[in-house]
Amino acid sequence: MMRDKYSRPHVAAQGVRLKTSAMIASIAGDDQPTRMAPFGTALVELAKSRPDVVGLSADLAKYTDLHVFAQAHPDRFYQMGMAEQLLMGAAAGLAREGFLPFATTYAVFASRRAYDFICMAIAEENLNVKIACALPGLTTGYGPSHQATEDLAIFRGLPNLTIIDPCDALEIEQAVPAVAEHQGPVYMRLLRGKVPLVLDKYDYRFEIGKAKLLRDGSDVLFISSGLMTMRALEAAAELERSGTRAAVLHVGTIKPLDTETILNEAMRGGRAVVVAENHTVVGGLGEAVARHLVLNGFSGRFHHIGLPDAFLDAGALPTLHDRYGISSQRMAETIRNWL
Amino acid sequence: MTGKISNTSLEQRARNIRRHALRMAEVQGQGYIAQALGIADVLAVSYFDGLNYRAHDPEWEGRDRFLLSIGHYAIALYAALIEAGIIPEDEIETYGSDDSRLPMSGMASYTPGMEITGGSLGQGLSIAVGMCLGLKRKQSGSFVYNLLSDGELDEGSTWEAAMSAASFGLDNLIAIVDVNNMQADGPSKGILNFEPLHEKFAAFGWHVQRVDGNVIADLVTAFRAARACGQRKPRVIICDTKMGKGVDFLEARERNHFLRVEPEEWSRALEAINAGRAS
Ligand SMILES: Cc1ncc(C[n+]2csc(CCOP(=O)(O)OP(=O)(O)O)c2C)c(N)n1
Ligand SMILES: [Mg+2]
Numbered sequence: 134m135m136r137d138k139y140s141r142p143h144v145a146a147q148g149v150r151l152k153t154s155a156m157i158a159s160i161a162g163d164d165q166p167t168r169m170a171p172f173g174t175a176l177v178e179l180a181k182s183r184p185d186v187v188g189l190s191a192d193l194a195k196y197t198d199l200h201v202f203a204q205a206h207p208d209r210f211y212q213m214g215m216a217e218q219l220l221m222g223a224a225a226g227l228a229r230e231g232f233l234p235f236a237t238t239y240a241v242f243a244s245r246r247a248y249d250f251i252c253m254a255i256a257e258e259n260l261n262v263k264i265a266c267a268l269p270g271l272t273t274g275y276g277p278s279h280q281a282t283e284d285l286a287i288f289r290g291l292p293n294l295t296i297i298d299p300c301d302a303l304e305i306e307q308a309v310p311a312v313a314e315h316q317g318p319v320y321m322r323l324l325r326g327k328v329p330l331v332l333d334k335y336d337y338r339f340e341i342g343k344a345k346l347l348r349d350g351s352d353v354l355f356i357s358s359g360l361m362t363m364r365a366l367e368a369a370a371e372l373e374r375s376g377t378r379a380a381v382l383h384v385g386t387i388k389p390l391d392t393e394t395i396l397n398e399a400m401r402g403g404r405a406v407v408v409a410e411n412h413t414v415v416g417g418l419g420e421a422v423a424r425h426l427v428l429n430g431f432s433g434r435f436h437h438i439g440l441p442d443a444f445l446d447a448g449a450l451p452t453l454h455d456r457y458g459i460s461s462q463r464m465a466e467t468i469r470n471w472l
Numbered sequence: 080m081t082g083k084i085s086n087t088s089l090e091q092r093a094r095n096i097r098r099h100a101l102r103m104a105e106v107q108g109q110g111y112i113a114q115a116l117g118i119a120d121v122l123a124v125s126y127f128d129g130l131n132y133r134a135h136d137p138e139w140e141g142r143d144r145f146l147l148s149i150g151h152y153a154i155a156l157y158a159a160l161i162e163a164g165i166i167p168e169d170e171i172e173t174y175g176s177d178d179s180r181l182p183m184s185g186m187a188s189y190t191p192g193m194e195i196t197g198g199s200l201g202q203g204l205s206i207a208v209g210m211c212l213g214l215k216r217k218q219s220g221s222f223v224y225n226l227l228s229d230g231e232l233d234e235g236s237t238w239e240a241a242m243s244a245a246s247f248g249l250d251n252l253i254a255i256v257d258v259n260n261m262q263a264d265g266p267s268k269g270i271l272n273f274e275p276l277h278e279k280f281a282a283f284g285w286h287v288q289r290v291d292g293n294v295i296a297d298l299v300t301a302f303r304a305a306r307a308c309g310q311r312k313p314r315v316i317i318c319d320t321k322m323g324k325g326v327d328f329l330e331a332r333e334r335n336h337f338l339r340v341e342p343e344e345w346s347r348a349l350e351a352i353n354a355g356r357a358s
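Going line by line, the protein sequences match chains A and G.
Following the working numbering, the numbering of the first sequence begins with 134 at its first residue and continues without gaps.
Following the working numbering, the numbering of the second sequence begins with 80 at its first residue and continues without gaps.
Some hints could be false.
Unchecked claim - Only pairs whose alpha carbons sit at most 25 Å apart, straight line, appear in this in silico PhoX-like list of lysine-lysine:
#, chain 1, residue 1, chain 2, residue 2
1, G, 321, A, 195
2, G, 268, A, 195
3, A, 327, A, 195
4, G, 312, G, 279
Everything labelled a hint here was simulated from the structure, so no lab data went into it.
Computed from a prediction, not measured in an experiment: that's the story for all the values here.
Make the full structure from the sequences, and use the hints.
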C-alpha cells in the first residue's frame with residue numbers, strides 16, 4: 134500500500150487513539166494467566182543436566198529472555214554484540230566443537246540478515262544449533278523492520294532445519310529440552326516476557342513433529358500454529374455461542390509437518406478446514422497444509438487466515454491484529470461469513 | 080543555513096528539540112527519550128548550521144540528505160523536523176499512535192523529511208554510499224549525512240560501507256556516530272569493544288574528528304570542518320554524548336535504552352530543560 138505522507142492527519146478530529154508502545158507489548162490479555170520468561174527459565178533448567186549448553190545473543194538477551202540464562206550462567210553466555218551474522222557463524226563454530234548453542238535475536242534479523250550463515254554454516258552441515266527468536270509474525274506494532282511476517286516462508290525452504298512455532302508458555306518450556314535432544318538445527322519462534330498460559334488446560338505434551346487435537350467439533354476444523362492456536366481456541370468458543378462447533382488442531386512443528394494427523398483430521402467428518410497462522414499467507418503453514426491436502430485427494434472446503442502479502446502498518450498491536458484479521462473476534466466473524 | 084546563526088540560538092534550538100521530544104515521549108509514557116536528549120545538540124547543529132534544505136519542500140533536489148539509520152531515534156529526528164518547520168508541532172500528540180505520520184520507528188513512507196526507513200540497524204551507511212555515488216553521477220554538490228549509533232558499529236555491514244566509502248573517495252559523505260555508550264543489553268563497552276574508534280576510521284581511510292557531542296560550539300566547528308576538509312575522503316564526526324542529557328534524573332538512570340518514566344516526572348523533566356539546567 135502506498136500511503137501519502139504529505140496529507141496531514143486530522144489531529145484535532147481524532148478521538149482516543151491506541152498507542153504503539155511496541156517494544157514491550159505483551160500479547161497476553163488483561164486477565165489471562167501468564168508465566169514470566171518461559172524460554173530463559175527452561176534453558177536454565179536444561180543447563181543443569183546439560184553442561185554442553187551455551188547461550189549467545191546479538192544485543193538482545195534482555196528482549197529474548199536469554200538474560201535469565203545469562204544471569205544464572207554468566208560463564209556460559211556469549212554476548213556477540215549486534216552482529217547477527219557473527220552470531221550464527223559463531224554458534225556454528227561452537228557446535229563444531231561439541232557444544233550445544235542456543236542463539237537468540239529477533240525473528241526478522243535471524244531470517245533476513247543472517248540467513249546465509251544459517252543456511253551454509255549451520256543447516257548444510259546439519260549442525261546442532263538451536264535458534265530461538267522473539268517477535269515472530271505480527272507481534273509488535275513497530276513496523277516492518279521488526280515484524281517477521283515471512284520468517285516461516287524463508288526458513289521452510291531450508292533443508293535439515295526443524296521449525297517450531299509454540300503456542301504458549303507451557304509449550305515453550307516443553308520445547309526447550311525437546312529441541313536440545315533433537316539432533317540437528319532448529320528454528321524456534323519465541324514468545325517472550327509475560328507469556329500466556331493456555332495449553333495447561335488441554336493436557337498437552339509437546340513432541341517434535343506431532344500435531345495435536347486440542348478440541349473436537351463437527352462443523353469446522355482449525356489447523357493452527359503459534360499464538361494463532363490460542364486465537365483459534367477463543368474463536369471456537371465464540372463460534373460455539375452461535376451454534377457452530379469448531380475443532381482445533383495445533384501444529385507446534387511447522388517442519389517436518391505432521392502430514393498424517395493433518396490429513397486424517399481434514400478427511401474426518403466432512404468439516405470445513407481453516408488454516409490460521411501468524412504469518413503472511415505466502416509460504417507458511419497454510420500453503421504447506423493445502424499442498425499436502427490437495428496431493429492426497431482432499432476436496433472439501435478450505436479457508437486460510439493469515440497476514441496479507443504486504444508490508445504491514447505500524448500501530449498498536451490490538452489494532453493491527455483486528456486490521457489484518459487475526460484477532461479471535463475477527464476470526465470468528467470471518468468464519469461465520471464464510472460458512 | 081550555514082553560518083548564519085549564532086551559538087546562543089543553536090542552544091535555544093537544542094532546548095526546543097528536547098522539549099518536543101519529551102512531549103512525544105510523554106504521549107507513550109516511555110520510549111527512546113534518553114537517546115533523543117543525548118543527540119539533541121547534534122541535531123540542532125545539523126539542522127540549523129550544517130544542512131541545506133527547504134522546510135516547505137522536503138524533497139528539494141538540491142538538499143543535503145540526512146539519513147537516520149537508527150529507526151528508534153525517530154523521536155529525536157521528529158523533534159528536529161518539527162523545530163525546522165518540516166512537520167507541524169501539533170502532530171506531537173499523535174506520536175506512536177495509530178495512523179500517525181510519526182511512528183515509533185522512522186520510516187520514509189510515513190514522514191516528510193525522513194529520507195530512509197531505518198530500524199534494521201546497520202543499513203544506513205551502505206545506502207549513504209549509493210546516494211553519494213548517485214549525487215556524484217548527477218554532478219550534484221549535495222552532501223549525505225548518516226547518523227548512526229555506536230550499536231551499529233557492531234554490524235559488519237557498517238564496516239563494509241566504511242571501506243567502500245573510502246575506496247570510492249566519497250568526499251560528499253559525512254557520518255555522525257553517536258557514541259552514547261548504550262545498547263539494548265546495556266553499556267556498549269560491555270557488549271562489543273569497538274575502540275579505538277578514531278584510529279579505526281582513520282585506518283579505513285576516513286577524515287576523522289571526535290568531539291563532545293553535547294558541546295554546541297565544538298560541534299559547529301567539527302561540522303564545518305567536515306564539509307570544508309578538502310580531502311578526497313569520507314568524513315566522520317564521532318560524537319560522545321550523554322544519554323538523557325539535560326534532565327539530571329534521566330541522566331542518572333543506569334539502563335536507559337528504553338525508558339519508562341512516571342507520569343509526574345514528565346513535567347519535572349520539561350522544567351529541567353526550560354530551566355536550562357543542561358549545564
Ligand atoms: C539489525 C538489528 N539488530 C538488532 C536490532 C534490535 N535493536 C534495536 S536498538 C538496539 C541497540 C543498538 O544499539 P544503539 O543503537 O547504540 O542503542 P541505544 O544507543 O539507542 O541504546 C538493538 C540491538 C535492530 N533494530 N536491528
Ligand atoms: Mg548507543
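Results for each hint:
| no. | hint | in the structure |
| --- | --- | --- |
| 1 | G:321 with A:195 | 22 Å, holds |
| 2 | G:268 with A:195 | 17 Å, holds |
| 3 | A:327 with A:195 | 13 Å, holds |
| 4 | G:312 with G:279 | 14 Å, holds |
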